[in-house]
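Go ahead and model the full structure; you've got the sequences and the hints to work with.
Chains L and W supply the protein sequences, listed in that same order.
Going by the numbering used here, the first residue of the first sequence is number 1, and it counts up by one from there.
Going by the numbering used here, the first residue of the second sequence is number 1001, and it counts up by one from there.
Honestly, I wouldn't trust all of these hints.
Stated by the list, open to error - Derived BS3-like pairs (lysine-lysine); straight-line CA-CA distance at most 25 Å:
no. : chain 1 : residue 1 : chain 2 : residue 2
1   : W       : 1043      : L       : 166
2   : L       : 137       : L       : 92
3   : L       : 134       : L       : 152
4   : L       : 178       : L       : 196
5   : L       : 166       : L       : 93
6   : W       : 1120      : W       : 1166
7   : W       : 1178      : W       : 1196
8   : W       : 1134      : L       : 134
9   : W       : 1166      : L       : 43
Read the hints as simulated data drawn from the structure, not as lab findings.
Number of protein chains: 2
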Amino acid sequence: MSNSLNPAYNRDNISMSVIRRLPRYYRYLNELQINGISKISSKELSQTMGFTASQIRQDFNCFGGFGQQGYGYNVSQLRDAIGEILDVGANKKCIMIGAGNLGKALLSINFERLGFNLLKVFDNDPDIIGTEIKNFKISSCEDLADFCTNQKIEMAIICVPSSAVKELANTLYENNVKAFWNFSHFDISLIYSDVKEESVHLNDSLMALGFMI
Amino acid sequence: MSNSLNPAYNRDNISMSVIRRLPRYYRYLNELQINGISKISSKELSQTMGFTASQIRQDFNCFGGFGQQGYGYNVSQLRDAIGEILDVGANKKCIMIGAGNLGKALLSINFERLGFNLLKVFDNDPDIIGTEIKNFKISSCEDLADFCTNQKIEMAIICVPSSAVKELANTLYENNVKAFWNFSHFDISLIYSDVKEESVHLNDSLMALGFMI
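Shown next, in the form of structure tokens:
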């Protein structure tokens, strides 16, 4: 049984579509482990997840295999290996900007389990600044630049209206924040080509569903 | 200038990756129209959107073209044609289940503009039932089944914890709701293969960003 990464594995060679499936594998394997299941075949995994078995074998082969013909995958080893690829133990320092309903909803996420350390939440509404939401005392955006520089923040979660993002992104970028989880429709990576940006376009997702119906 | 759909256009032949780009086109064209821009080339559009010009031409050709060599695209005609493909005028009846922070955040969406008519919001928390959020008086989940049948609800927005989704999906499916905008990690389409499901997996999105950093 191989549970180590393929020596030929290179992050830059992995397609985005494989990367997008990894968190889903991680999630399912985690649940299997919690439920005390220690071994699973690609066929069984395919029935649980809705991917084809050959897709699953192909995906895992990108990283080194992790399985043995006729034996199946060792759930905890596979989970740990995928977690390592996804860097879930990295504890990357991040902040959130915007403590409205969306920001509040996102504070339910277990950031630590996903590889992030959420240090502070910022807003520019005087009625919100200073209040406490899920153990975060909301800070003023005036303190944003200093905080990012002093704390070497790696990633910012953007939960403010699109119209405010251009100026905000400029402040963050100038203070060396180069990764964004962006819920607005303003594309930061179109302005700063060296940033990593993951956008969640809720409207686009809903319209895609409208098409499918 | 052609602004009508290609007679050979068939919804079932369009790949999901093209469909996923359409809302983005619609959004950008809408902004151009609001800003009084009536004509745009694929090259200009590519600079604004971050897609390649050839990608854009290829995508629009799936549906009939909408452009003339050397002239560019007529913004409002193209916007309307894509809106028609996305069925934004359909006003599909939908409901939301779960009025927590995420549900509240989603109530900021202009559903009508995206092709949906949000009729009611349900929750099972006695403290929330009967309260008003953004003009919606929150209803009890006890009334869910009757409401779906009587109103012929087409789509449900799922903002409840994953552990509650299996039972909820069963109630909705039995009452003829066959489309879901699902924010939980419970995959409804794995149980009911004839439903349309668009899942928003926020954790997966964040983990993909973690990989990119």
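To see whether the hints hold, each was checked on the structure:
1. With a CA separation close to 23 Å, the supplied pair residue 1043(W) and residue 166(L) stays within the 25 Å bound.
2. With a C-alpha separation of about 20 Å, the suggested pairing of residue 137(L) with residue 92(L) holds against the 25 Å cut-off.
3. As the CA atoms of residue 134(L) and residue 152(L) are separated by approximately 23 Å, the hinted pair is consistent with the 25 Å bound.
4. Using a Cα cut-off of 25 Å, the hinted pair residue 178(L) and residue 196(L) holds, with the two alpha carbons roughly 6 Å apart.
5. Between the alpha carbons of residue 166(L) and residue 93(L) the distance comes to roughly 22 Å, so the proposed pair stays at or under 25 Å and holds.
6. For the suggested pair residue 1120(W) and residue 1166(W), the alpha carbons sit about 21 Å apart, so the restraint of at most 25 Å is met.
7. At roughly 6 Å between alpha-carbon atoms, residue 1178(W) and residue 1196(W) fall within 25 Å of each other, so this suggested pair holds.
8. A threshold of 25 Å between alpha carbons decides the hint, and for residue 1134(W) with residue 134(L) the separation of about 23 Å falls inside it, so the pair holds.
9. Restraint check for residue 1166(W) and residue 43(L): satisfied, since their Cα atoms lie roughly 23 Å apart, inside the 25 Å limit.
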